[in-house]
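Novice: Listed here are the chains, written in short residue letters.
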Amino acid sequence: MSNLQAPRGGAKEQSGLRYPANGKTIYHRPLNRAKTAELSGASFAYLFSEMVSYASKKIESIQDLEKRLNVQGHPIGLKLLDLLLYREPARSQTRPLNIITLLHFIKINVWQHLFGQAADGLEKSSDPSKPDEYMIIDNEPLVNRYISVPRDMSQLNCAAYVAGIIEGVCDGAAFPARVTAHSVGKQEEGEMWPGRTVFLVKFAPEVMERETFLGKG
Amino acid sequence: MPVQVYSLYIFDRHTECIYSKQWFETPAPAPSALPHDQHQQANGNGPAMATAGEQQQQQQPNKPRRNKGADDAKLIFGTVFSLRNMVRKLGGDDDAFISFRTSQYKLHYYETPTNLRFALLTEPGALSMRNVLHQIYINLWVEYVVKNPLSPVEHKGGEGVRNEMFELGLDKFIRGLM
Amino acid sequence: MYYAQVRPQSVLETGCGETSDAHCPAQQLNSSIQLEADISTQNPVEQILGILALIVINKAGGLIYNRTFGDGLNQLNTNDYLVLAGTFHGVHAITTRLNPGHQPQQITAGGIPSRPDPPSGLEVMESENFRLQCFNTLTGTKFLLFTDTLQANVDVAMRKIYDLYADFVTKNPFYQLEMPIRCDTFDRKLNSYIREVNNAR
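Protein chains in written order, with UniProt numbering: chain L, 1 to 217; chain E, 1 to 178; chain B, 1 to 201.
Check the hints yourself; a few may be wrong.
What follows is a list of derived Cβ distance ranges for each label pair [what the hints assert, rightly or not]:
no.: 1; chain 1: L; residue 1: Glu-188; chain 2: B; residue 2: Asn-74; range: 28 to 38 Å
no.: 2; chain 1: B; residue 1: Asp-80; chain 2: L; residue 2: Lys-79; range: 51 to 61 Å
no.: 3; chain 1: L; residue 1: Ser-40; chain 2: B; residue 2: Arg-97; range: 55 to 65 Å
no.: 4; chain 1: E; residue 1: Pro-113; chain 2: L; residue 2: Met-153; range: 55 to 65 Å
no.: 5; chain 1: B; residue 1: Gly-86; chain 2: E; residue 2: Asn-148; range: 40 to 50 Å
no.: 6; chain 1: B; residue 1: Pro-116; chain 2: E; residue 2: Ala-70; range: 19 to 29 Å
Derived coverage of chain E by chain B (criterion: at least 3 residues anywhere in the stretch with Cβ under 8 Å from a Cβ of chain B; other residues may be distant) [to be verified]:
no.: 7; stretch: 70 to 79
no.: 8; stretch: 90 to 103
Below 35 Å or equal to it, Euclidean Cα-Cα: the simulated DSBU-like pairs (lysine-lysine) are [stated by the list, open to error]:
no.: 9; chain 1: L; residue 1: Lys-58; chain 2: B; residue 2: Lys-59
no.: 10; chain 1: E; residue 1: Lys-89; chain 2: B; residue 2: Lys-160
no.: 11; chain 1: B; residue 1: Lys-59; chain 2: L; residue 2: Lys-57
Just so you know, these hints were derived from the structure itself, not from any lab. This one's a predicted model, so the numbers in the text were calculated from it and none came from an experiment. A virtual CB, placed ideally from N, CA and C, is assigned to each residue, including glycine.
Let the hints inform the model, and build the full structure from the sequences given.
Specialist: What follows is the structure in structure tokens.
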């Protein structure tokens, strides 16, 4: 196999991760280079289905399962933050420095990259006692498209995986937070968004402290 | 429009197959067919061989292989009986099972008020043959079997059905369709 | 009604004393078929529109899904549906084995006989009140779709239902193969699709 793969004109081939003349490395390009290229939704659905099955082995509670999905998503968020910032134009290539910029980055850039569209909403908790809670809303999370949650697990939302990704992005940007996914769609007949999901982002106290300090400055 | 008819089965009210007739021989086993062809080409003696073969095949339906035919009749009865019951259960007592089709054949079913059942197997593309079965019943069965003074009331083992008039009329009628 | 209209005709024929000639009835039979066909198409049956029910049977003959749409069919209890699924499974197997016709062996250009299509079991069944279409997947799951006798494009509907099954049942991590289908999303999508089809009529 390796014999077959060996480059023919060895001298001309660039080997290793040489920096190209135009300054664009392979990290600048999506894996699939064509503009209209899409990934197979079906293969993702099957893969995700297996991930959920794997995560639901030997669990003691629904929280366990959501935690495991969250953990699977976390590293993706960390790496995605780096990758997406790297692809930004050079002058806006800065890490988000306050909560609003960060959440906006997640709502627009991260969502666009992962799901091909921006998230459907971004809100701040209206409860004055919880200033550290923000909500990102997706009407129909891609990961949940083919999933029907059994009645006995009704609190489960498999978008906990996406919550894990968001958590990873927040952590990577030095905004430690707890992110959880909650189903808020009504199950009645004729409901437009039965799978509507809210990602509740609860920032750590030190983040809030820093935010107020920066706000004063 | 010509219709390829394969076979006809008649079942009496005791669920016994009292008449069956096939208009097409069951497919010859494949291995014998191929050497036969090769033999033909090698000999250059094709036509004579072919006619001999055809004659043999034509004679076959007259003496049907007993076991296969009887088994088929039982299977067909089981099938139509189950489907008929299923249809009645789902469609109500006034509903009647008419036909079913697979990719190889189509089975048409007709049941008289006296529980006499006709099953006709044709090519899958055939249109409804319900009227044909009805005609067989009123113009052949009633005429030549029921009205025949020599025919018994119960046709145990097919007795009284295989009379010349009925068989001739049936064959003529079916061949008229093909 | 059907019976009554045909009956006098045969009486007439026997009255003419033509039955002694084997030729005559047979010829008349053939000519009267046209007439009969007209009558049967005009036969008024009260129509309950569209798709009436869906049943899914797993490869072992067990009932894994059944749903009725509209009231065109008698409501059965669960046990009857289970029996029905088992019966149909058996009938399907038998109809696959019965093969009365001879298959014309297709010879391709190279002189090599091509393999004939494997025999299919029951595909369509018709009764006076409804029509049953059966789709047997490659893995042996059977979809039975009950429609009224006039429903067109049942193939398209079947295809779409199979799509929905492939999407919302098999891609669901909480569904175990061969087990009863309890997927809300599948129910929801199926309902809205069937409603769409039935309203289009």
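Novice: All the hints need checking, so say for each whether the structure fits it.
Specialist: Each hint, compared with the structure:
1. L:Glu-188 / B:Asn-74: 28 to 38 Å: 29 Å, holds
2. B:Asp-80 / L:Lys-79: 51 to 61 Å: 56 Å, holds
3. L:Ser-40 / B:Arg-97: 55 to 65 Å: 39 Å Cβ-Cβ, so the 55 to 65 Å window is violated.
4. E:Pro-113 / L:Met-153: 55 to 65 Å: 57 Å, holds
5. B:Gly-86 / E:Asn-148: 40 to 50 Å: Because 43 Å falls inside the window, the suggested range holds.
6. B:Pro-116 / E:Ala-70: 19 to 29 Å: Because 26 Å falls inside the window, the suggested range holds.
7. 70 to 79: holds (count 5)
8. 90 to 103: As far as the stretch 90 to 103 of chain E goes, the hint holds, because 13 residues have Cβ atoms under 8 Å from chain B.
9. L:Lys-58 / B:Lys-59: 29 Å, holds
10. E:Lys-89 / B:Lys-160: 28 Å, holds
11. B:Lys-59 / L:Lys-57: 27 Å, holds
The structure fails hint 3 only (numbered hints given earlier).
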